[in-house]
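Engineer: Sequence:
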Amino acid sequence: SLALCRAFNYDHINGTCHLLSFDRFMEGVQKERRANHDLYEKKDYVRECIVGSGVNYKGRRSVTRSGVSCQAWNVSVPHEHNFKPAKHRKYDLRENFCRNPDKDISGPWCFTNSSEIRYQECGLPQCSEVVCMRCNGEAYRGPMDHTETGKECQRWDSQRPHKHKYQPHRHSGKGLDDNYCRNPNNDVRPWCYTMDRNTRWEYCNISVCAHQADKDVTTACFQGQGERYRGTVNVTPSGVACQRWDSQFPHNHSYTPQNYNCKDLRENFCRNPDGSEIPWCFTTDPKVRKALCTNIPRCKTEKTECYDGNGESYRGNVSKTRSGIPCGLWSDHTYSRDTRSEEASAGLQLNLCRNPDRDKHGPWCYTSNSSIPWDYCGLERCEFHHLSSLLFSSLLFSSLLFSSLLFSSLLKQWFPPSPDPGVPPALVHVGLLHLSASSHTSGLRIAHMVCGPEGSNLALLKLARYELQNAHSFIHLPVAGCQVSEDSQCLMYGWGETKGTGHEGSLKMVHLPMVSNDKCSRIHNGSLPITETKVCAGGEKDQGVCEKDYGGPLVCQERESKVIIGVSIHGRGCAIARRPAIFVNVAYYSEWIHKVFKHYSDIEATY
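Heads up: the sequence shown begins at 136 in this note's numbering, then just goes up one per residue.
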């Protein structure tokens with residue numbers, strides 16, 4: 136029944152809902168991602184903050200504000216009481232979780248296991264205070280979902296009971312998740328449409344962060360959109376004087392210093408209080424309401440953030456992925472409840488880039504894009520902050536298959552999600568021994584492509600469908616930290632240059648001895664960085680990586696299994712004697728590969 140429902144699965148294809156009597160935190164429950172399905176859970180069961188007095192709180196906190204453990208509701212030791220689960224079913228008096236069955240204004244409480252303390256409040260925070268807002272709350276991404284008068288907010292992706300224009304897919308950078316209070320139009324403060332048919336919208340009462348001095352303020356030029364510009368330019372490019380912000384003549388407006396006290400709306404200086412493309416002002420010309428202040432120069436160099444080590448300690452404010460997709464809230468995902476340490480969980484209340492799982496490739500985040508569950512953020516290591524990375528100009532596919540995902544060597548940051556109509560879609564051919572045979576096969580469509588960590592030159596391709604044929608076989612991934620001893624004989628496959636020796640257009644293989652990274656670096660005279668991200672093999676005359684081999688696999692035998700150890704990349708020269716070829720070290724990226732498997736396993740095709 137609906138009374139027992141804690142969650143439901145929505146099937147997009149059939150348009151049906153499957154009611155669930157459990158939530159993600161109940162014992163024995165496992166959460167998994169399925170294509171064409173969305174999971175919805177009642178917030179009262181899964182969040183650890185309250186609205187008002189917290190009468191509807193059904194979370195799992197079981198200690199008081201002073202750290203004393205709670206007594207189970209169905210027992211009378213050490214304290215007798217009348218709040219038995221059977222008599223108060225609507226208050227969900229399960230186990231020893233904090234509840235508020237008597238509507239105490241102090242919030243959820245419990246009887247304690249201490250004979251000296253009969254009961255005590257649990258100290259649960261108000262949802263309006265979990266995340267504070269800065270300035271006018273344009274960047275607020277907290278969990279408050281009720282207005283200042285206590286009305287429940289309407290979901291942003293719903294048009295009931297009020298139709299509106301602020302749909303999430305049209306305002307992707309505004310954090311319009313669920314029914315949380317937001318400020319997508321740079322209003323005075325966060326607000327939401329309400330579930331009350333008679334009240335279209337109301338402001339939300341969000342706690343304000345302690346005052347902090349503005350960072351990155353500029354006066355002679357502006358950075359980004361100029362929201363931090365605090366200079367004194369007060370005329371338009373055509374020489375018309377700007378109207379004072381505290382004046383309503385000749386133009387009426389709401390951008391007053393009182394409404395936007397953090398925007399420095401002093402006198403009549405050009406400012407950007409509404410997130411426009413650059414600073415602007417209302418003009419003193421009655422016929423011209425506002426003008427962009429294009430007469431303010433843009434700063435030549437803008438500060439960008441970086442991180443140290445693996446970025447575990449990064450506490451910056453970047454909230455977009457490397458491709459510009461806004462980050463989603465950590466509170467909507469597993470890592471929001473990572474309690475291993477304060478260091479690991481710090482900052483996971485918002486949607487900022489962090490590294491809670493100590494990913495060696497740096498800070499990342501879940502995204503607000505359903506086709507890209509997570510990705511790394513556009514940050515560089517501080518020690519390489521001023522270096523530019525090398526990007527290759529073409530995409531090269533290999534033909535190694537595992538779990539319907541393919542490796543490829545990588546060209547650019549992202550595969551275009553909407554290819555030009557005149558450009559045929561990229562296809563993958565597997566099991567070919569001769570390139571000429573590709574014209575006789577239809578190829579396999581790519582369902583999804585996931586780019587590797589920055590500088591890896593790797594990508595994973597998920598096929599739309601796959602059936603194992605006689606000419607196909609699977610290959611094993613190496614475990615993290617796997618190393619192959621020097622001089623071990625491994626095989627490299629490719630379609631590369633043969634220097635006139637024949638077999639052009641045929642798949643070839645060559646035995647290559649493994650070379651240690653130290654030796655490889657010495658042989659190359661230190662001209663190429665041979666780090667732990669690379670492995671080397673070869674060095675014999677006329678045997679190695681040549682043009683058209685790039686993206687091919689280096690395969691080693693481990694007992695009865697073949698393991699992909701490397702992926703060939705551009706080098707210097709073609710099969711030159713005493714110059715080993717360089718490969719991407721697949722073992723170094725194995726944790727990333729498994730992370731992709733975990734989050735992309737059932738995702739829908741996007742191409």
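Quick caveat, the hints were computed from the structure, so don't treat them as lab data.
Heads up, some of the hints might be wrong.
Stated by the list, open to error - Keeping only pairs whose Cα atoms sit at most 27 Å apart, straight-line, the calculated DSS-like set for lysine-lysine is:
id: 1; residue 1: 495; residue 2: 669
id: 2; residue 1: 350; residue 2: 178
id: 3; residue 1: 422; residue 2: 350
id: 4; residue 1: 683; residue 2: 697
id: 5; residue 1: 495; residue 2: 300
id: 6; residue 1: 350; residue 2: 166
id: 7; residue 1: 422; residue 2: 398
id: 8; residue 1: 177; residue 2: 166
id: 9; residue 1: 300; residue 2: 286
id: 10; residue 1: 435; residue 2: 422
id: 11; residue 1: 398; residue 2: 435
id: 12; residue 1: 697; residue 2: 676
id: 13; residue 1: 178; residue 2: 238
id: 14; residue 1: 222; residue 2: 238
id: 15; residue 1: 350; residue 2: 177
id: 16; residue 1: 286; residue 2: 178
id: 17; residue 1: 733; residue 2: 455
id: 18; residue 1: 733; residue 2: 166
id: 19; residue 1: 676; residue 2: 634
id: 20; residue 1: 425; residue 2: 455
id: 21; residue 1: 495; residue 2: 683
id: 22; residue 1: 455; residue 2: 422
id: 23; residue 1: 676; residue 2: 733
id: 24; residue 1: 425; residue 2: 398
id: 25; residue 1: 730; residue 2: 669
id: 26; residue 1: 495; residue 2: 733
id: 27; residue 1: 166; residue 2: 730
id: 28; residue 1: 730; residue 2: 676
id: 29; residue 1: 219; residue 2: 238
id: 30; residue 1: 495; residue 2: 425
id: 31; residue 1: 225; residue 2: 286
id: 32; residue 1: 166; residue 2: 495
id: 33; residue 1: 238; residue 2: 177
id: 34; residue 1: 435; residue 2: 455
id: 35; residue 1: 643; residue 2: 697
id: 36; residue 1: 177; residue 2: 300
id: 37; residue 1: 178; residue 2: 166
Predicted, not measured: the structure shown is a model, and the values here were computed from it.
Engineer: Each of the hints needs a verdict: does it hold here or not?
Structural biologist: Against the structure, the hints come out as follows:
no. : hint      : verdict
1   : 495 - 669 : holds (15 Å)
2   : 350 - 178 : violated (35 Å)
3   : 422 - 350 : violated (36 Å)
4   : 683 - 697 : holds (23 Å)
5   : 495 - 300 : violated (41 Å)
6   : 350 - 166 : violated (41 Å)
7   : 422 - 398 : holds (26 Å)
8   : 177 - 166 : holds (15 Å)
9   : 300 - 286 : holds (21 Å)
10  : 435 - 422 : violated (34 Å)
11  : 398 - 435 : holds (23 Å)
12  : 697 - 676 : holds (26 Å)
13  : 178 - 238 : holds (19 Å)
14  : 222 - 238 : holds (16 Å)
15  : 350 - 177 : violated (39 Å)
16  : 286 - 178 : holds (16 Å)
17  : 733 - 455 : holds (21 Å)
18  : 733 - 166 : holds (12 Å)
19  : 676 - 634 : holds (12 Å)
20  : 425 - 455 : violated (31 Å)
21  : 495 - 683 : violated (31 Å)
22  : 455 - 422 : violated (40 Å)
23  : 676 - 733 : violated (43 Å)
24  : 425 - 398 : holds (17 Å)
25  : 730 - 669 : holds (20 Å)
26  : 495 - 733 : holds (17 Å)
27  : 166 - 730 : holds (16 Å)
28  : 730 - 676 : violated (39 Å)
29  : 219 - 238 : holds (16 Å)
30  : 495 - 425 : violated (49 Å)
31  : 225 - 286 : holds (21 Å)
32  : 166 - 495 : holds (25 Å)
33  : 238 - 177 : holds (20 Å)
34  : 435 - 455 : holds (23 Å)
35  : 643 - 697 : holds (17 Å)
36  : 177 - 300 : holds (26 Å)
37  : 178 - 166 : holds (16 Å)
In this structure, the earlier hints numbered 2, 3, 5, 6, 10, 15, 20, 21, 22, 23, 28, 30 are contradicted, and the remaining ones agree with it.
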